[in-house]
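Which chain is which? The protein sequence lines are A, B and C, in order.
For the first sequence, the working numbering begins at 4 and goes up steadily by one.
For the second sequence, the working numbering begins at 233 and goes up steadily by one.
For the third sequence, the working numbering begins at 1371 and goes up steadily by one.
I should point out that these hints are in silico values taken from the structure, not numbers from a laboratory.
Using N, Cα and C, we set each Cβ at its ideal position, and we do this for glycine too.
Mixed in with the good hints, there may be bad ones.
[What the hints assert, rightly or not] Taking lysine-lysine and the BS3-like style, the derived pairs with C-alpha atoms no more than 30 Å apart in a straight line are:
1) A:76 with C:1613
2) C:1619 with C:1393
3) C:1613 with A:370
4) A:370 with C:1487
5) C:1436 with A:496
[Stated by the list, open to error] Some chain A residues well away from chain B (every beta-carbon gap over 10 Å; in silico):
6) 196
7) 234
8) 245
9) 249
10) 283
11) 394
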Amino acid sequence: MATGEFAGHVPHAHAAPQSFIRKWVFSLDHKVIGLQYFFLALTAVFVGMFLSLLMRIHLVWPGVSLPLIGDIKPETYLSLLTMHGTIMVFFVLTTAPQGGFGNYFLPIQIGAADMAFPVLNMLSFWVTFIAFLVLIAAFFVAGGAPLHGWTGYPPLSALQSAGPGEGLGADLWVISIALFCIGALMSALNFITTTLDMRAKGMSMMRMPLTCWAWFITAILGLLAFGVLLSAGILLLLDRNAGTSFFVPLVTVNGIMAAHKGGSPLLWQHLFWFFGHPEVYIAILPAMGLCSQLVSVFSRKPIFGYKAMVYAMLSIGILGFMVWGHHMFMSGISPYTAFAMSVMTMAIGVPSAIKTFNWIGTLWGGKIRFTPPMLFAIGFVSLFVTGGISGPFLAQPILDIPLHETFFVIAHFHLIMGVASIFGIFAATYYWFPKMFGRMMNERMARLHFWFSFVGTYAIFMPMHYTGMAALLRRYSQYTELTYMHGLAPLNKFITYAAFITIAGQFIFLFNLFWSMKRGEKASDNPWEATTLEWTTATPPPHDNFGGLTPVVYNGPYEYSVPGAPQDYLMQTDAPVKAVGH
Amino acid sequence: MHESTSTVSLGHREDGWGRELKFDSRLRRARLGLLIGLVGVLMIFISFTSAYIVRQGLPTFDPATNTLVRDWFSVRLPRLLFVNTILLLLSSAAMELARRRTLQDVQSTNDSPNSESRIQWLALTGLLGLSFLVGQWTVWRELASAGFYISTNPSSSFTYLLTGTHGAHLLGGIVALLVAVAAALLRRPIESRAILVDIAGWYWHSMAILWVYILCLLEFAR
Amino acid sequence: MGLALLLVIWLITFISTYVFLAKIWWLPTGASAAAAGIDHHFTITFILMGIVFVAAQVFLGLFVWKYREQKSSKRAHYTHGNNTLELAWTILTAVLFIGLNWASKPLWASERFDAAKIGAVQVEVTGMQFQWYFRYPGPDGKFGATKPELIDPSAGGETAVGLDPADPASKDDVVTGTMYVPVNREVEVILRAHDVIHSFFIPSMRFKQDAVPGLAIHMHFTPIVTGDYEIACAELCGLGHYKMHGMLKVVSQEEYDKWLAAREAEKQ
């Protein structure tokens, strides 16, 4: 158990707030803020999932009129996919892993009492929350939500006349994203300062859990990338409303000349993807950090190659800024630039591969415990491999010619970014639920949820590789017009049925989450027998995380099964043990 | 003012390495945060700069002649812009005086007597900053009366964009000044006030440097 | 649980690999000169990446079962890693990935670095919401000027692309809604768009290129099999994106000449 040494008692630890508003609404406590982000993401993911279900239904049964929603017209379908992408990428994948779990556990894992700037932390959540409301509002204004895809390429996204939904709905979309950028920048500032300046004594950078490294690098990526997206959003807003022509050349829509000239649609793409590529790493790095954590804890083994894992994440971060052109191979950029970007893209596959080898290497020789978090961690590795394998196809521009804009791309990014990251979020929830709520989540329900999700997501996304190779294009509201696409209908049907079943399985998780908060088996302070700092403190942690004490760290974060140690795990605060025979 | 309360409590904890003075470590942390935040803000302007350079060099396809033509016509910057610049640089000087004196106050643990003069310097900074913004607004009116609106041509678009975004950020700096002044008037602890003034000061200087950069970009990269 | 994981992971891996290998669904049959090379490189990538895929999933499944905690288990094997192994698989992966990409460079170069040969059949392809138009320069070999103010999609044909009748080179320009090209000759495509970004995609020709407003993008391909080939728009362009399709008809040189002559005759 935790026999950690703590430096002396710290005076003036500020008292926990008492009123409901200060405690749960405008809280400055990173743990409450983390939960706020988590529940925002939880709401968003169910909205996003619902939108995708409507999409899948429409693709297979285009004429069907749904209760409450009615007919899904082509423009409705496009607005569904736009909002699905925007909600999932921003309000789920960039919110739960970093804003949710990062906020809650970064300070604790490095031995700090809170984030560096609690007021800024609170503000960043509320700005993000307002951004979400603004986005949802787009559904309800005249013209409805925009139909230009989450990537929002102008001129389509810049011209009100280019389609229904390109009116006020599109402006709200841009404003929402701009607000999100501001919230993300504030949050990034906090994470970086906290990691650099508030580590407890003995917690060197190279003794930090890999989750902390992941959150740190993710924050740096966010700091550098979100400003670029914000600037692109400002330019787009001006093009849409102030008559500027940053992105819009001379165009005629339906024979009517628009009041623009000289702009470059490619400029948007460059700015957007300069943000967009680091964004996908922002979405996946925290899950990678957590996977490292979990395979180590539940194999009772140190992570294989800690330093390599750190360098791999750093390389991914740096290289991530040099590959954005691979989203633009077909866009009209110079083919020389395209090839240069593709070389960098293949290069960035290398650190990801190293991480995969190391996860598998951690399992080797281990003593594996199949707890719910471990199931999702293993699932993560499998999905990451599958999603990653399709990368080298798309990374080569010559192969991107047949594959760009097809379902092959959709399979790729859903598996490696969407599903893998969601598995990370599930794993994090099952893993940290005991620490956050003092109870265990129900294991039977968790296993059922795992099988539904693991098999289900493969059933949904594996077939998309096939339809993509057969040239089924994305963002089509129906596949009735092109003859060559008709033969893919049975596979599309299969995918839709799989989606129904998989989504149904998610309600098991939802039920389990809320049921366990009240009825779950009470949890001890360290139910997983893990070594990192959050497990040295009470469950749930007190207001200042360590009850007025400051942890002092002696060990790395993955000292499991140290030969000669009394137990098969050594807390980071325990007295160090010289490994026998090492 | 709950911001001060929470930073006070954190500042009283022992930091990672060595035995630093509590105030020093708080100040260092605040400055680190500001530096990181400025990197984020910098990316916005780097982004705008790259868009500016790209747009400047971009030939546009002219369907009438089926050729590519250049359509960048530089805006002549009103002289007032340079007057505004002087105002901003002066405000930076005032800000620096306020900042240094406030830090000295911490050293001397001399709380009340001199705080009025600090407030005066802060107020002067704010006033000069405000006149800069008013001056910018006047520049906009001058451009408009000469027929250069935001949508007139790419050069004018960028002129309004860059000056406007900078102005918005400077306004944020003025808000920070107001907070610092309020903290002084409300007699908050000198350490917290010093941190506020120091951060507002460095932010202010950064905005001044950023402005000089924007001016050079608009004036020389034509 | 370990066994269940192994079985499910292996089953998913083998079933999906089988479906790939059996080519139940695959790339459409190639009908251009570039297709063979592209498809060959696709196959190489597929085989190499397939091996990595199967190996990774097999080991994952195996280890998850083999190293499950059992009553008899001793402590796990305490190790922080193996630097030699790290170096080895880093280098191997880098060589595989970058080598694979480098091997594709000649293909990419011939498709994109080099301009169309002299004497290629020129077709200007214009995308607009939600229709493709094809313009042929006619006997003078010159495309006439177009003016945006003359564009009127509702009138179709020459007016849809805004052809300027005042330009003498316009007189013999032919504008159609179907693309005809002769077989075994290089086709130079000049891609334009009027309103938003579209993308000109002919699956069988392994041809795809975005049509961007404000740009005139030159590309080329060489059809080698006669037949009818569907054209799809491959960049979201609005609510009619799904029905913005066209038809490429690859015919013999004689048929092409006859067809073009007939179109010219119609203009008189």
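### Query
Which numbered hints does this structure break?
Going through the list in order, the structure violates hints 3, 4, 5, 6, 7, 8 and 9 and respects the others.
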